[in-house]
Amino acid sequence: MQTALAPKPSVPRTSRVARFWRDYGWAYLFILAPVLLFLIFTLYPVLTALVMSFQKYNIMNSTWVGLDNYERLVKDETFWKSIKNTLIFTVGTVPVNILITFVLSYFIYQMKSKWQTFFKATLYLPAVASGVTISIVWLAIFDPTDSGLLNRFLGLLGLDPVIWLGQSGTALFSLILMNWLGSHGAGIILYLAAMGGIPKSLYEAADIDHASGWTQFSKITWPLLKPTTLYLLVTGVITSFQVFISVYLMTQGGPNFATTTIAYLIYETAFKFYEFGLASAQSFVLAIIIIVISVIQFKYFSSDIEY
Amino acid sequence: MKSTQKKTLLVVASILLVVWALVTVIPMYWMLVGSVQDSAMSASFKPQMIPEQLSLSPYERFFAKTDAWRWLYNSLLISVILTVTNVFFASLAGYAFAKLKFPGSQAVFWTLLGTMMIPAQVTLIPLYILMVNVFDLGDTYTAIILPAAVSVGNIFLMKQFMSTLPTSLIHAARIDACSEFGIFWKVILPMAKPGIAVLAIFTFVASWNEFFWPFLITNSNEMRTVQVGLASFVFAESTDFGAMMAGATIGALPMIILFFSLQRYFLQGITIGAVKG
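Which chain is which? The protein sequence lines are A and B, in order. Going by the working numbering, the first sequence opens with residue 1, and the numbers climb by one from there. Going by the working numbering, the second sequence opens with residue 308, and the numbers climb by one from there.
Same shape as in the complex, but just chain B (with noise of 0.2 Å):
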């Protein structure tokens, strides 16, 4: 490209990027903004963009009108075990099908894969009879981390994460009289850690955030995570925006620190079998 056609492009998309940065960022700065200032007093919602008082009177609000430190505690424990099972069940079978040869390998693999395109609406209302009705699971944890224990799409991931890794290192170790499982944890695992650290850390976002099942298959206030503790709490209060938006802001501020203390994985992650080319 000429260099004065270059430079042109390069003020131009300079000026959009940070138009666009800041439309990005604002409902953010919003929600953040509206959570540090006392609106009890008016009748109306009506932060200022630059707060004059800061005040956590919003925070505590929210905390004593709700479970929030329980539905904290729930979502911490299902996220972190969602997590350590997505990572262990989807290298494992990701490594299965990305070195081992067996017998219809490929025929399975590619079912498992066939089903991503069916929406979890159609699955839903048997899955909540069968863990309500005939497993009798309603409103536990097993009922809500059971079906998640791992996904199709993880371990599509971690196959082809696995697919990379030299095959000659498992000749070695078979050599040496290592049985099949001790390849995969002191050979595969180790050298996987790269794929692993963005798996578990995608996992572990997406069942933070995970809404829809947790909401339909728990009943009791004590077992809500706190996506849908905050969702019944937009509903009962629907007046109290500040409050609201310190709830909010709960709900997201963990996986914002996590993001900016990982940020490299969450930006180079995602693309990790999701581009060719």
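Next up, chain A with everything else stripped away, as it sits in the complex (with noise of 0.2 Å):
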């Protein structure tokens, strides 16, 4: 269709940002919420408690103090003991709990299928029940005269009972033993999940090639479950670095800040003791920890991940 030139009449300002509001204000108006609800709540606190790290801080005037902060908890004692609390706490319970969740996953993959939704559905259970449940019902197992589930248990073996949670030599590993028996649910699922995703096929060309059962776990099984350990590993040491509720309930940080982490010495210093810039301060601190960790666990993990 052949028209004469008309003359391109010619945008108007106005017009063409309405334009992009056609175009593209409903996808703002989409993500409005959250990303509000992000300014306010995410962002804004972070930039303010990096300023508060720095402060002196007063509800009413607040004095610049400059690395103060940082410096007094460098020197403190019971800081220091927290992060090694942590630290232990950390390597104790993570990677046995993949071990755990990845050898438990391993057996239910080799079961018929009614039996793989029968451990599932059992081993699960635990994960729906909240910390301040599991930590009252330790608090009972470990129970330090012979009512205790755990000393009775030992009472049964021959052993005297042990005051598990109240005296500084048992109290760190106490936490560590009620995690180990946690729940290994929701790792299961996703182990079991990635295990589905292999395909048949390698393993019947292994088999062809007569590959032992420990060469096929070892070639095969275990690189192709990589991103998911990768996974559980990140946020396990995520989780693990911010553990809270147990301490609180059980231990209260002590004895002689036996079990006191880092997440828990935050909540004393600014809630009990009201130093929110010192407060800041530690929490910078758990947050360069955590980002740092999961970027070294990322890089070592992920340079042969692709398949």
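Because the hints were derived from the structure by calculation, they are not lab data. If a hint is listed, it holds; no wrong ones were tucked in.
Derived lysine to aspartate or glutamate pairs resembling EDC-like cross-links, with alpha carbons at most 20 Å apart: (1) Lys-81(A) x Glu-268(A); (2) Lys-353(B) x Asp-146(A); (3) Lys-219(A) x Glu-204(A); (4) Lys-313(B) x Asp-207(A); (5) Lys-81(A) x Glu-71(A); (6) Lys-56(A) x Glu-268(A); (7) Lys-406(B) x Asp-483(B); (8) Lys-313(B) x Glu-204(A); (9) Lys-313(B) x Asp-209(A); (10) Lys-56(A) x Asp-76(A); (11) Lys-314(B) x Asp-207(A); (12) Lys-314(B) x Glu-204(A); (13) Lys-272(A) x Glu-77(A); (14) Lys-272(A) x Asp-76(A); (15) Lys-406(B) x Glu-487(B); (16) Lys-81(A) x Glu-275(A); (17) Lys-408(B) x Asp-23(A); (18) Lys-406(B) x Asp-23(A); (19) Lys-272(A) x Asp-446(B); (20) Lys-408(B) x Glu-487(B); (21) Lys-493(B) x Asp-483(B); (22) Lys-372(B) x Asp-345(B); (23) Lys-372(B) x Glu-544(B); (24) Lys-353(B) x Asp-160(A).
Got two chains here, separate frames each, mind docking them using the hints?
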């Protein structure tokens, strides 16, 4: 169709803006609420916390003290102890839990589907209980008298009752033990889904090559499950660095700071001693540790993740 | 694998799984049996693994000593509202990020996602000051609900889920002059039902079980959620293990019932968006 070239109507600025909003306005509207909530309840608090960590904070008049808070916490014995406890707790729980989760999933995967469902459901069940519920139950299990479930069990073996949570030698270990015997349900479901996603042809090919069960496991199963392992590792470390409820309810950080984790220390500094500036500094140290460890895990694990 | 090898593996696997299933369930069982035996008579808490006499007196004591009904009401109200807001806003934003093209969408999405690594402890203190001193909302439902109204993790899940939906229906609806919100409401939401069901269930459980923020922001007994109330009860009554176990059961039972009735969603749900490969 040939028409005489009509002069191009010059587009007024307002209509360009109008067209932009016609094309994209809805999309911005759709993300508006989350973005607003993010700005008010995440971004603003993070920036405020950063500023507070350089202040002696007071609601009325805060004073800028530079790196004083950071200096104080580096010199604080309790702070280092809390870092150490948190590290011990993380190293003691996360790898062990991943191993338990993996072995259980691998075994469940061998079962017929009816039994798979049964074990999945049974092992998942405790995951729906809250940290508060779990902590209360374990308070009773760890009861230091011989009525505690664990001490009854020791009694059956002819051993003396242990003051699980009440002495610094066993308190942190008790929290770790409780974590081991806790729920692996969520991880199991992730692993099983990933195992189901491994192409059967790989195993068939391996069978033809007479590859042993171990070879199949180490050359096919384990490498192909690496993304799931990485996911569990990263989320596991992040959660265990922030462990709070069990410490608060079961030991209050004691005895003699044996179970004071960094998250618990931050809580005490802020809401028991009202040292908001110092607590903010502590929380930034926690954030930096978490981010650094997560990045290292990604780097280390994902180097050969593509397949 | 050779068949004898396979058989041995199956036997070992079965034994280990049964043992571990028992280990997993024993604490929950201990909680239940502990809550239905009267230990008030004896000085120490000594329930039997197989109870000889059942008694509901631990529950009576728990309800008599606390505002448990009020706490349960608070928890239910907050969890329902948070489920609705999270499902609605996460679906809406997830849909926008997955299916709509607009300038800045990638930048905004990755910024949101990036902040997931920042631990809650960092934002906690300013958030507390903001709520209590700036907005004067301390000890209110609003303060408990607002910061959790939609989570980045949920937006991510819904984006993953929405991107699996066919785009052709969206185009068809657009040609039919359906408004963008109309498309979301009438086309996308019905298709996304499986994902929404999972998101709703997990949000509900997480909101019910949430402890730290409601614990910080509430200070009156009537505003406590059941988890916060339970914790306060443990500190107040550290000797009455029977009532404590009854309380723990009350706090967990709704979720246990939910789990048994919606098992299918729990056992398939969390893989959405989490596993690749």
